[in-house]
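Here the protein sequences line up with chains U and Y, keeping their order. Residue numbering for the first sequence follows this note's numbering, starting at 1 and increasing by one per position. Residue numbering for the second sequence follows this note's numbering, starting at 334 and increasing by one per position.
I should point out that these hints are in silico values taken from the structure, not numbers from a laboratory. Do not take every clue at face value.
What the hints assert, rightly or not - Below are the PhoX-like pairs computed for lysine-lysine, each with C-alpha atoms no more than 20 angstroms apart in a straight line:
(1) U:Lys61 - Y:Lys504
(2) U:Lys75 - Y:Lys508
(3) U:Lys43 - Y:Lys359
(4) Y:Lys504 - U:Lys43
(5) Y:Lys376 - U:Lys63
(6) U:Lys323 - Y:Lys340
What you are looking at is a predicted structure, and each value in this text was computed from that prediction instead of being measured.
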Amino acid sequence: MNNIDQELLENLIEDTSFINWAKKENRNDINYWNSWISNNESKIETVDLAKSIIIGINFNKTKLPNDIVETELNKVLTAIDSPTPFSTIKDKPIKKNILSYVPYGIAAALAIFFVVLVSNSNTTIKHETAFGEIINLTLPDGTSVVLNGNSFITYSKQNPRDVTLVGEAYFKVKPIPSTKAKFWVTTNDLKVEVFGTKFHVNTRDKKTDVVLDEGSIHLVLENGVTKKINPGEFVSFSKETEKITHTKVSKKNPYKLWRNSTYIFNNQPLISVMKNIESTYGLPVIFKEKNLEQIIISGGIPNQNIEICLKAIEKSAGVKLVKRNDSILISTQ
Amino acid sequence: MEFSPEKSLWFLFVKGDLNAFSGLFKHFYPMLHNYGVKISGNKELTEDCLQNFFVYLFENKNRLENVLNVKSYLYISFRRYLFKHIKKEKKHLSYDDLFESNKDFVFSVEEIHIQQEIFLIKNKALTTLINSLSTREREAIYLKYYSLLTTKEISEVMNITYQSVQNTLQKAFVKLRDKSESKALQHILNP
């Protein structure tokens, strides 16, 4: 224990970049820590210990057979249904009218989110998020997708590089240099065609927004027009209005994008910001005063947690937001 | 309020939804079962307790509206529930004695996973090493790497401070490293 630097040890264990190094997960972090270690030979024991703690012990999880779980569940359900004589709490008998089945349906739907959805047939795969839920997916070809709340993607098992998106997602497409295999994202308004790159797609509000981070992509619009986008550019197209916007993401232009669970708004009116909140969390927004709709917002807003998200908007717009059970109310402070 | 499938199910369960209750049961029963057998070393007792525990949850659902973290709440209350029952059988022991005297939190060779290229004999050595740690250290290791709880959640479940959890884990790993005589075994701990 004598060669252990206690303070360093505790910092290392909590450091995301160091954890990545220990798990060999991020090339930048691996390089960084390898060179840090060669410059800090005296700390090697502390580093080793921190690594052991992070990696820990790899356990084989013994899985309890499903039928045992089912049997036990039935025992519990029976016990609940017929309260034992010494149970002090009086249970009302459970009503079996039609209405009482409605929440069952909702619960069943929610329960499905525990597992990956396999819908329609065995060949179509669907990943879906509930309101306010964000999931990280890795497709069979190695492409990673961050799916925002209230969104879904589908693809066929035979061709996982051709996905359909409804909602909002961030894609990191894995390039396949040997075959130059393309990757497609299809929305209601357009088709995005890429080799390997990072980009954001949003299909809310009856239009599709695409923002490119890296590489280059082609868009095939629903009306047949093709467009090439360069990194840092933003394209918005609506099939309904045939309206197209193609600009560079810059400090002057209004735009909004989403990545790493954060919304980035640039010169956006409050009403458009709240539209995003509405579609992600499923809570309608009510403006008490009409003029509040046009307050301009710029900056990043975390959207993994609705409370923090609303606080951040409150601060940057200088308004008062009240979250009720079924809506969000906006008024002057 | 964070949105997660667990929380949504919990919310419906608190409102009295039996389907949501069954969903929670199926999700958490296997992990609580494993944890209970580890603590008590007694499968029948664990299963009896689990059954009563879930009935108890259902009967008291009205008081469970404000549970923030479903997983750690279930671990904490099931652990307490189980200890209460063990204590009934061994009246002479105090709560702490009971825990410290408990030699049952042991791991089997099959439970510990090592990359294939390393021989079974080393797996046995590592298992023996882990089982030579104190009960508290073994439980912390179990909760962290088997049940995948965070350090904060472990501190709540074991009812010790955040710092003590960190110290316990550190001590455990220092012991494991010091006791592993051969270099090869160190390699397993630190590949």
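Given pair status - Lys63 (chain U), Lys376 (chain Y), alpha carbons within 20 angstroms
holds, 15 angstroms
For a C-alpha distance cap of 20 angstroms, please report whether Lys323 (chain U) and Lys340 (chain Y) respect it.
Judged against 20 angstroms, a Cα distance of about 18 angstroms means the pair holds.
Are the Cα atoms of Lys61 (chain U) and Lys504 (chain Y) separated by 20 angstroms or less?
Roughly 24 angstroms between the alpha carbons, so the hint for Lys61 (chain U) and Lys504 (chain Y) is violated.
Between Lys75 (chain U) and Lys508 (chain Y), is the straight-line Cα distance small enough, at 20 angstroms or below?
violated, 44 angstroms
Agreement of Lys504 (chain Y) and Lys43 (chain U) with the hint, judged by alpha carbon distance not exceeding 20 angstroms:
holds, 18 angstroms
Would you check the hint for Lys43 (chain U) and Lys359 (chain Y), treating anything up to 20 angstroms between C-alpha atoms as holding?
violated, 46 angstroms
In summary, the numbered hints that this structure violates are 1, 2, 3.
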